[in-house]
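In case you want the letters, here they are:
There are 2 protein chains.
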Amino acid sequence: MAFCALIMAGGTGTRLWPVSRRHRPKQSLKLVGDRTMFEHAVDRIAPLFQPEHILVVAGSDHVPGLSQQAPGLPPENFIVEPMGRGTAPAIGLGAIHLHRRDPDAVMAVLTADHFIADVEHFRSVLSASEEIARQGYLVTLGIEPSAPSTGYGYIQQGNLLRTVDGFEVFHVERFTEKPTEETALQMVESGEYTWNSGMFVWHGERILEEFQAQMPDFRVQLSEIESALGTNSYEPTLDRVWQRVTKQSIDYGVMEGAEEVAVIPVDIGWSDVGSWGSLAELLARMGRRDDRGNVVVGKHVGLDTNDSLIFGNQGNQRLIATIGLHDMIIVDAGDAILVCPLDHEQEVRDLVHRLEREDMKGYL
Amino acid sequence: MAFCALIMAGGTGTRLWPVSRRHRPKQSLKLVGDRTMFEHAVDRIAPLFQPEHILVVAGSDHVPGLSQQAPGLPPENFIVEPMGRGTAPAIGLGAIHLHRRDPDAVMAVLTADHFIADVEHFRSVLSASEEIARQGYLVTLGIEPSAPSTGYGYIQQGNLLRTVDGFEVFHVERFTEKPTEETALQMVESGEYTWNSGMFVWHGERILEEFQAQMPDFRVQLSEIESALGTNSYEPTLDRVWQRVTKQSIDYGVMEGAEEVAVIPVDIGWSDVGSWGSLAELLARMGRRDDRGNVVVGKHVGLDTNDSLIFGNQGNQRLIATIGLHDMIIVDAGDAILVCPLDHEQEVRDLVHRLEREDMKGYL
Chain A
27 MAFCALIMAG GTGTRLWPVS RRHRPKQSLK LVGDRTMFEH AVDRIAPLFQ PEHILVVAGS
87 DHVPGLSQQA PGLPPENFIV EPMGRGTAPA IGLGAIHLHR RDPDAVMAVL TADHFIADVE
147 HFRSVLSASE EIARQGYLVT LGIEPSAPST GYGYIQQGNL LRTVDGFEVF HVERFTEKPT
207 EETALQMVES GEYTWNSGMF VWHGERILEE FQAQMPDFRV QLSEIESALG TNSYEPTLDR
267 VWQRVTKQSI DYGVMEGAEE VAVIPVDIGW SDVGSWGSLA ELLARMGRRD DRGNVVVGKH
327 VGLDTNDSLI FGNQGNQRLI ATIGLHDMII VDAGDAILVC PLDHEQEVRD LVHRLEREDM
387 KGYL
Chain B
27 MAFCALIMAG GTGTRLWPVS RRHRPKQSLK LVGDRTMFEH AVDRIAPLFQ PEHILVVAGS
87 DHVPGLSQQA PGLPPENFIV EPMGRGTAPA IGLGAIHLHR RDPDAVMAVL TADHFIADVE
147 HFRSVLSASE EIARQGYLVT LGIEPSAPST GYGYIQQGNL LRTVDGFEVF HVERFTEKPT
207 EETALQMVES GEYTWNSGMF VWHGERILEE FQAQMPDFRV QLSEIESALG TNSYEPTLDR
267 VWQRVTKQSI DYGVMEGAEE VAVIPVDIGW SDVGSWGSLA ELLARMGRRD DRGNVVVGKH
327 VGLDTNDSLI FGNQGNQRLI ATIGLHDMII VDAGDAILVC PLDHEQEVRD LVHRLEREDM
387 KGYL
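If you read the protein sequences in the order shown, they are chains A and B.
Quick note on the numbering used here: the first sequence kicks off at 27 and runs consecutively.
Quick note on the numbering used here: the second sequence kicks off at 27 and runs consecutively.
Hints are not guaranteed to be accurate.
A pair counts as met if it fits within one copy or between any two copies, since identical chains are not told apart.
[Unchecked claim] In silico BS3-like links for lysine-lysine, alpha-carbon gap of 30 Å or less:
hint, residue 1, residue 2
1, K56, K204
2, K204, K273
3, K387, K273
4, K325, K387
5, K325, K204
6, K325, K56
Read the hints as simulated data drawn from the structure, not as lab findings.
Because the structure is a prediction, the values reported are computed rather than measured.
Construct all of the structure, not just a fragment, from the sequences and the given hints.
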């Protein structure tokens with residue numbers, strides 16, 4: 027009857043280049059304070075889960091770095107994904123590990139690279155979610171939207187299912203993909219929608235049944251891996267099977283087609299820290315915006331500089347001096363510097379693709 | 027009857043911060059190609075002057091660096107100025123040294139930190155100037171204006187005096203200070219004005235007579251130093267006298283009030299390289315502007331970046347990545363980075379003053 031956490035630590039955070047890199051993914055960065063995103067992710071659930079009940083799914087390149095950041099977790103709790111196949115396969119892999127350990131476990135699928143300001147409230151909603159999950163629901167945490175963002179998927183609430191520990195739990199009417207600006211505005215104004223945070227709570231058997239029903243080929247692949255669990259052939263089996271696994275997100279692969287899905291709308295100071303602008307907003311919310319509207323990390327001298335993010339290098343004391351700028355992002359990552367207006371922040375991804383195309387591997 | 031050069035190497039080039047620093051002044055920077063500005067200044071006159079006829083006036087801090095850059099010049103030809111007092115005292119100090127060595131010398135006052143593209147033409151006009159100077163004229167080199175700049179003083183031509191080696195030599199009607207935009211436009215359209223380059227050719231006795239007539243107190247101070255020349259008391263005398271010397275420019279102190287002043291208008295590809303925009307223009311003229319209008323020195327990847335100067339650090343391979351920028355200056359000096367729109371380039375000076383006020387000495 028254990029309550030377990032599965033921390034998804036697979037991404038890299040491309041839009042946080044040049045600080046995020048292949049060998050230095052977003053979850054290993056100290057973007058907020060002196061702790062890495064992954065350290066924050068482990069710290070905030072530590073009071074709720076015993077260390078042996080916290081599992082981490084990550085790529086083999088990243089496991090050594092992550093386990094160094096969380097020395098309290100047993101080494102065998104780091105589950106290596108041979109290559110990234112999207113959230114559905116990563117969750118499936120974690121689920122068979124958990125199911126083998128405890129067939130009655132409820133699992134909370136959490137993220138390694140998001141920030142949550144109100145950790146107590148977060149732990150309360152996780153506890154409430156466990157109770158709903160034990161009743162057979164797939165529970166999703168829906169973030170109460172602070173703006174009509176087009177950067178997230180949305181969850182539409184249906185009827186109120188019940189209230190647990192002060193949290194209202196709704197039937198999910200439907201999951202929607204990232205909307206247009208107009209649609210996002212309508213959704214937020216309706217009060218019926220929350221952002222899809224990518225955090226879920228469900229019973230281990232329940233999610234494996236959903237894979238069986240909605241992704242039957244993948245469920246067969248999982249069974250093949252499952253049968254090798256705890257044997258010498260586990261790794262070769264995983265490597266072999268994973269080659270054939272199709273990329274899929276849990277939203278599209280499972281959630282959108284599932285029955286008995288619940289959402290708990292929460293306001294926990296959540297941020298996906300998905301881009302430099304998003305980090306600036308988060309740091310501003312934490313009181314790091316000065317009276318010129320600038321968010322400054324590191325050494326900066328500015329003349330007539332407003333509403334900008336200045337993110338200095340943490341390894342040295344390099345000074346960033348600016349004159350006559352507004353709404354700008356300046357990031358110094360030591361071996362690379364980014365200068366980009368805030369309203370072009372999404373194009374950082376294109377820049378990284380350009381570096382890939384031009385074979386500038388040293389900067390990836 | 028020697029023809030001598032006096033290279034004025036006193037300035038620091040504040041507007042080229044963060045590359046220019048107190049201990050690394052503009053004349054010691056490799057802004058154009060692989061040679062420092064001072065090396066360019068010495069190289070281009072080497073065919074015209076014997077090394078012992080090239081004198082350099084500079085602050086004591088800068089002399090070791092400059093003499094390393096010009097190992098062919100005799101060490102005693104570096105004349106130390108105890109502190110900067112403007113161009114008039116620096117020229118006066120050089121003049122008494124030259125006059126002691128050769129009372130009949132004609133001296134060319136040249137700059138250490140300007141760029142001249144057409145060096146052969148430059149040497150020709152220096153030779154022609156010597157001839158005019160031997161007739162008793164104070165000769166100034168006037169730069170044919172390429173734009174109605176408000177950043178330079180202007181020289182108005184009077185009657186044609188004569189032609190020497192194909193160069194037209196005019197009486198100077200008057201020197202004018204930096205004009206307003208409207209005045210600058212009128213002056214350039216009239217065809218009667220050239221920019222004051224700060225380069226002069228005159229007989230050593232002639233300039234000392236002008237100091238006598240127009241800056242008599244300073245001439246007395248010079249005599250006191252002159253009498254100590256070649257003795258052990260030279261340095262203490264210089265230090266003592268220099269404390270009392272009044273700051274003065276040669277334009278205001280001598281040229282504006284002098285008689286028998288000639289100007290030779292020249293087109294020698296001159297640039298004062300006085301600011302980042304000025305360097306960008308110079309490098310563009312030398313073919314260094316790409317098809318997006320960018321002038322790039324170092325490693326750069328840009329998306330939607332136009333008409334900007336990207337000046338990377340020469341000591342490492344740091345990448346400067348930009349998105350959605352235009353008409354921007356980005357300069358990486360290793361321990362400091364500047365980001366500034368081109369039309370704010372003059373404010374770099376204010377930024378340096380701010381660093382002084384805030385006691386950020388490490389960056390000065």
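Hints violated by the structure (listed by number, smallest first):
5
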